[in-house]
Structure formats: C-alpha cells, structure tokens
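Student: Given next are the chains, with one letter for each unit.
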Amino acid sequence: MHRILATTRNLFVGTALVLGLAASGAVHSFDDGAEATIDYRQGLMRALGGNVAATAAIVVDGAEFRDNLAIHVRYIVDATRDIPALFPEGSDFGETDALPSIWEDTEKFARLSSENHDAAVALHEAVEGGDDAAIMAGFRNLGQSCRSCHEDFRRRD
Amino acid sequence: MSDDRPAGRGRWPVTVALLALWMAFPAATLASGEDGVSEQVRHGEYLLRAGGCVSCHTEKVEDAPFLAGGRAIESPFGTFYGPNITPDPETGIGGWTERDFERALRHGRSPSGSHYYPAFPYTSYTRMRAEDVAALWAYLQTVEPVQRENQPHELTWFARFRPGLAVWKFLHFRAAVFQPDAAASDEWNRGAYLSNALAHCAECHSPRTRTGGLKPGLVYSGARMGGGDIAPNITPDRDTGIGRWRANHLVRYLDFGMDPDGDFAGSAMADVISEGTSFLTDEDRRALVVYFRALEPIRREVPPAD
Chain G
1 MHRILATTRN LFVGTALVLG LAASGAVHSF DDGAEATIDY RQGLMRALGG
51 NVAATAAIVV DGAEFRDNLA IHVRYIVDAT RDIPALFPEG SDFGETDALP
101 SIWEDTEKFA RLSSENHDAA VALHEAVEGG DDAAIMAGFR NLGQSCRSCH
151 EDFRRRD
Chain A
1 MSDDRPAGRG RWPVTVALLA LWMAFPAATL ASGEDGVSEQ VRHGEYLLRA
51 GGCVSCHTEK VEDAPFLAGG RAIESPFGTF YGPNITPDPE TGIGGWTERD
101 FERALRHGRS PSGSHYYPAF PYTSYTRMRA EDVAALWAYL QTVEPVQREN
151 QPHELTWFAR FRPGLAVWKF LHFRAAVFQP DAAASDEWNR GAYLSNALAH
201 CAECHSPRTR TGGLKPGLVY SGARMGGGDI APNITPDRDT GIGRWRANHL
251 VRYLDFGMDP DGDFAGSAMA DVISEGTSFL TDEDRRALVV YFRALEPIRR
301 EVPPAD
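Chains as they are written, first to last, in the numbering used here: chain G, 1 to 157; chain A, 1 to 306.
FYI, nobody ran anything at the bench for these hints, they're computed from the structure. Beta carbons are placed, not taken as given, at the ideal position from N, Cα and C, and that holds for glycine. Treat the hints loosely; a few may be bogus.
Covered stretches of chain G, going by a simulated chain A footprint (3 or more residues, C-beta under 8 Å) [said to hold, decoys possible]:
1) 56-63
2) 78-85
3) 120-133
4) 145-155
Only pairs whose alpha carbons sit at most 16 Å apart, straight line, appear in this in silico EDC-like list of lysine to aspartate or glutamate [to be verified]:
5) Lys108/G to Asp152/G
6) Lys108/G to Glu296/A
7) Lys108/G to Glu62/A
8) Lys60/A to Glu89/G
9) Lys215/A to Glu296/A
Bound-form chain A, shown alone (with noise of 0.2 Å):
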C-alpha cells in the first residue's frame, strides 16, 4: 500500500466499507458445511490435488500413510525423495507456524533457513496467492498426523553442496505473485493460474539449462524427465506439440487420461491425473486447456537421450 492516498479520507469510510465486506461474505473462512469442515479446509484439500503435491509427498506403494513422504523422484541431480508434511510434530511439519509453509512454499527456505532443491517447486508456488496459502495450511493441519522419518535424498556429489542452492536461487529463482493479464479473459488467467502458481506443469514440460534453471523460450515445449521418459511438448504446434488435439480431449485428457487414439496416459502423466487433475473441476480442467492452447507454439521434438 502507499501512503500517497489523498488526505481528506479517513479511517472510517474504510471500516465501513470492511464491515460491508464482513457482511457481504457471511465469514467464507469460518463458514461449516453440515460435516463439520469449513469452506477453507475443503478448498485447502482442492488446493493440495490442483498443486500436484500427492504425487510428491505419499510413497506410490499400496497403502501408503497420505502425505507420509517416501516418493522417489529421479532427476539428473539424483533421487529426491519427497518428505513427510503430517502434521506429525517429530517427522512432519506438526512444529511448524503458518509463516513457516509460507516461506518454504514461496521463498524455499525451510524454518531452520536452509534453502529447499527445486525439486519441490516453490519455482511456481511463489505466485500462490495468500488465501490460497492459508486455505492449503488449515487442511494440512486436519491430515492424519504420521510419524514417519524423512528418507535422506541420494544426490550427485555437485548437488549435495548445500550452499550452493543459494547460488542456484540467486540464478533462477525469483519470488513472485501471479499478475493477472488484464486483456486475457478470466478463463485464462484461471488457466495461468492453475499452470504457473499450483500445477507446475512447467516444471517437467520445459527442458532445462545446465544450471537448471528453465530454458528460456523454450518454457512448455517438452523435456525428457530423470528417469529417462519424456515429458512432451505441450504448446500448440501442430507437428511437435498438442496442436491437432481438440479441446474435449484435452479437457478428457486431464480427466481421466484418453488421448484422441483411444489410449490411457501411463507412468508419471498417468500418476499427475490419478493425484491431481482427476479431482478438479470440469471448468478448472477446461481453463488449464484455454491457457496451454494460447500459448505460442514452439515447433520442437524433444532431442533423444544422450
């Protein structure tokens, strides 16, 4: 806020104005369903899948504790495995205040402030908005607590320097908040928004530099993944990416996972849509679709293996 707003307002208009709002929204985050759980913590839990964070935090073994950590995520800079965020006080984030989450999901840096690997994406969740922030904190605290201890990443000699994800960070990260595009309609932004501040699609989809920082003008066009598949171009070029794909299979893709040939996402974009874009909603689903579908095209096979 500045502090340039003419002097003949005062106080009082604005508390006014507040209690209206106050009034208008009859107490969205205190608000019950029947079943007890407020409005904010259904929209954390909305928030968790469209943030992809299942895939990450709960071991893909049968009956896995949710949310538990243990998932192994190859990476050319080794296997991260992602920890466990119960609110388990000992092994999870059960110690953990509100500004803590805030920090690690927006600026990567943990309570104790050491700084996060970008494996955990806080590259796109930096553009969360703050309600958005609060709302996938108040759900987190209704998780079943588990303890369970985190398993150290095996990492390659270069990547275990600690320090030097400052260096990193300072090279390729920036805190951010999501700016709206004012002349895009709203469908879009909502789009952007799902894409670039919880889905982080672009962090597979998009091929790296040596550093590891996303290519720059090449962001969306396909990469191959640490476990050696490819994660495919997904702007609209019609030879190399999902240009000839209409948008119900692309809204049908998100949902359940068939292509136009009738075939079923497998591996990791199979495991994305079982965690993460099965549970949204159909008009969610449809602006993540708007959103990659304007994008420029970027005519690129993703290069073989090396």
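Same shape as in the complex, but just chain G (with noise of 0.2 Å):
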C-alpha cells in the first residue's frame, strides 16, 4: 500500500517535472524537494550518531580527546534545534525508517525532540561546567531521550 502510493506519487512528481522542464526550458535537479529533504535528514542523524559516539568515547570510555567534546555536544545542541522541521508531511516514502505515527502524534513527536534538544544544552551546560559526574549524567540523559524517541517513531532496531 505504502508502496503503491509512494510510487503513484513519484510518478505524479516526475510528471510535473517534466511539464516543469519542457514550460520553462530551465534545468532542475534530478529530484524533487521532499527527497532531498530525506537526504538531508538522513544525513544530520549519521552526523548526530557520529558525534554521540565520540562522545561515548571520551565521556564513558575514556578517550583522550577531552579538549574536542565542546565540538561534538556543540553540534548535538545545534543539530537537534528543530527535528521536527526535519519531517515535513510528505516527506514519508521512499527508503526511510520514519514511522508514520511521526505525522500521526506530531504533539509528542514535538515534545520528544523538544526533550531532546533540552538534553543536549543540558550536557553541554555540563560539560563548560567541567564536572564528570555530572557529564557522565546528562549524556545518559541524553542517550534516554535519543532511545525513547526512537521507540515509538523510528522502525529499525
């Protein structure tokens, strides 16, 4: 079904470019918005991981790289600013692990990545504060609310 609409929406989309094209002559991008904003998404969640990785390898594993953590929990905070723009209706086809109940429970989908956001300026604050303890805490935090998001709206384990 889902497969199914989200071809007959492709189909209408490449219709339109075409017309597009051939009334304008002007050249555009093989894809259409929406799929470049899956991309983009896609791409920002790999950053995040990628940066709260190595933040578990510094804050509970002990790596010596304790002078770049400002960077990486920098970049969580501004990353996780506005998730839910991330997520524009119509942007739930194709190869994507968003679960419908994003478009379905925009409420908690909004408070969730609100909490989120919360977390990170919360270990971020921590982390200017120097104390490990309380570092050790706001990243666990932070991993809580990644995870509990996760749970009711991304598919994949």
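Please dock the two separately framed chains into a single complex, following the hints provided.
Tutor: What follows is the structure, encoded as structure tokens:
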C-alpha cells in the first residue's frame, strides 16, 4: 500500500517535473524537494550519531580527546534545535525508517524532540562546568531521550 | 530426591543442618528494608524487569495502568493482547493461588486448565527457579489492583482453535528446569539463565518453523517479527551477527540503547530496553553479553519479507 502510494506520487512528481522542464526550459535537479529533505535529515541523523559515538568514547570510555568534547556536544545542541522541521508532511516515502506515527502524533513527536534538545543543552552546560559526574549523567540522559523518541517514531532496531 | 541414601543417616543431622542454614541466612524471605518492602518482593520486582513482563502486560500509551494489560503483540498468527496481571480479583490474577501462577509460568496452563498461546513465553519461563517464581508472585501481590477487562485476541482462523494448542505444546514445549553448565563460568551461566529462563531473547531473535516452534540449530540467528521489523541475528558472526561489537558496546546497548555508530535502538528493541534491560544491574547485563558472545556464530541474514 505504502509502496503503491509512493510509486504513484513519484510518477506524479516525475510528470510534473517533465512538464515543468518543458514549460520553462530551465534545468532542474533530478530529485524533487522531498527526497532531498530525506537525504538531508538522514545525513544529519548520521552526523548526530557520529558525534554521540565520539562523545561516548570520551565520556564513558575515557578516550584522550577531552578537548574536543565541546565540539561534539555543540553540534548535538545545534542539530537538535528543530527536529520536526526535518520531517515535513510528504517526506514519509522511500528508503526511510521514519514511522507514520511521526505525522500522526505530531504533538508527542514535537515534545520528545524539544526534550531531546533540552537534554543536549544540559549536557553542553555540564561540559562547560567540567564536572565528570554531571557530564556522565547528562550524557546518559541525552541517550535515553534519543532512545525514547526512536522507540515511538523510528522503525529499525 | 532419591531414597537410596545410606540408611545410617538419621533425621537429626539434616534438621541441624537446616537450622544452621536458617541462622546463617537470616530469613532472606522475611527481611524487610527500611521502607518495609521485603527482599523477596524487591527481588520479584527485579525479575519482572528481567523477565520482560512489562512490555506485554502494560499498554503502550501514556499513563497506562501498570501491568493492567492491553498491549498489542503482532504475530504471524494474529494480534495478541497482553492480559491484566494486577491482583484485581475480577479482571486480573487476584483470584489465583501461587500454585496457579507457577502452573501458568512454567507449564503454560491457566487456572481453569486451558492452554496458553506461546505468545506468553512459558517456553522460556519454564526454566525459572522455584524461588524466582515465588519472588515474582510475592511482588505481583503488591501491585496496585486495576479493574480492566482483558481484550480478546484477534487471531487467524486456524489459531483460534484452542485445542490445537495441545498439539502445539506436544510438538514444541517441554517443561524444563535450568541446567547450569559446570564447565562454564558463573557469569556465562547467569547470562544463560537470564536469556533462556527470563528475558526470552530467543523468542523474537530466532526463526520459526511452519508450526511456530524455534528452528533447531538456528536459535538466536534472527527473524522477522509479526509487524515486519527484523529482530537481528545476535550470534557472534562477524558479518551477519554481533561479531564486530565489543563487549562494552553490547552492555551499553542493553543499558541505554546506543549502538557502536552512536545510533539508538528504535521500536521493539527500544521498548525491551526501556521496560527491561535498562533496569538490570551492570553485572547482569555483562552476563548476558558474555553468554551471547560465547554462542556458536551462525552466518545468516534474516531473509527479506515475502
């Protein structure tokens, strides 16, 4: 069902693009906006993961890159500022692990997203404060926040 | 107990030994902490988490009444709804005896004698130790009773035929006790007990035969679950399983869901972590990891959905 819808949409978008090209003669990219949005959010989520993994290696396992901690956490703070904006209506097709619940329970999604950002901000403050126990607690709290959102809104284990 | 003990031994030494034991372990089952909760009840609450009970017996909505049932469990045989296990006498298990509870957990039979669907993992709980069954029972008595009718399962026609369960059990279920492996470490044995008697990891992470039994020789090599998601291969194969995960990665995953890529578990496994493994002690999480890493590696990708 999902696939049929997506195919229909792709056909529709494809036709519109061809017509648009014919009409304007302008050169367009191959992808329509929604696919680029999906690529962007997946890239951003991977970058978040990379920074979280790097943070864990420093905070939990003691990798000697303590000076870089603020860089990683700063990225997490900035990238989580508006997560719902990465999931506009109509970006629910193709190779995505986003669950339909994102567009069904927008209120909860928005709340968990903003809690996630708050957790990132709190971790950043702990890093600036320099207290190890507070950093560790802040990191765990952020991780729990990531998981609780994935639990309801992301398909893959 | 066999009766071939040497006849010379009387009862007294046994009684004295028991008394000595009694005094050495000052009534572990009766001792209460400062908050008045007995050790046994506390242990039972821990077992509830280790057994993954909450994931099926509490509905997945905000402020859902704890253990009052209603969680939908998708399966190839239809949708099951976890029942109310609060001590409410009418809609929960308030009218049960401890013996009923033991029979349900370890033998898959209801107090009225009917067979349970194996969506209730008595296939694993059958290995639970008697003292663990008793502790879980003691804990459940302390749960807030909630009056809430069980939602009937919505099953395919062939699964609705309850007597078929007797056949299923004949094919796939044997009441068992956990047999520690004397050649393995205590940690491995603890992990084996946690996984095979309590957390029932194999129930989702193993492919099944057409009649719904775990496929022999492929246990823990991953499966597609009822909802279409994959429960991955958790044997230590490097390419298709968890062979590239270090022990601390796995412990951390069971603790708060982070994988080696810094990504976080979603959907079913996130729930298993939130409601179950995140409550375990680090020692128990490590024991599970020791057990999984010692499994025979099985090179096997979960086949695509048909």
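Student: If a hint holds in the structure, say so; if it doesn't, say that too.
Tutor: Going through the hints against the structure:
{"no.": "1", "hint": "56-63", "in the structure": "holds (count 3)"}
{"no.": "2", "hint": "78-85", "in the structure": "violated (count 0)"}
{"no.": "3", "hint": "120-133", "in the structure": "violated (count 0)"}
{"no.": "4", "hint": "145-155", "in the structure": "holds (count 8)"}
{"no.": "5", "hint": "Lys108/G to Asp152/G", "in the structure": "holds, 9 Å"}
{"no.": "6", "hint": "Lys108/G to Glu296/A", "in the structure": "violated, 42 Å"}
{"no.": "7", "hint": "Lys108/G to Glu62/A", "in the structure": "holds, 10 Å"}
{"no.": "8", "hint": "Lys60/A to Glu89/G", "in the structure": "violated, 25 Å"}
{"no.": "9", "hint": "Lys215/A to Glu296/A", "in the structure": "holds, 15 Å"}
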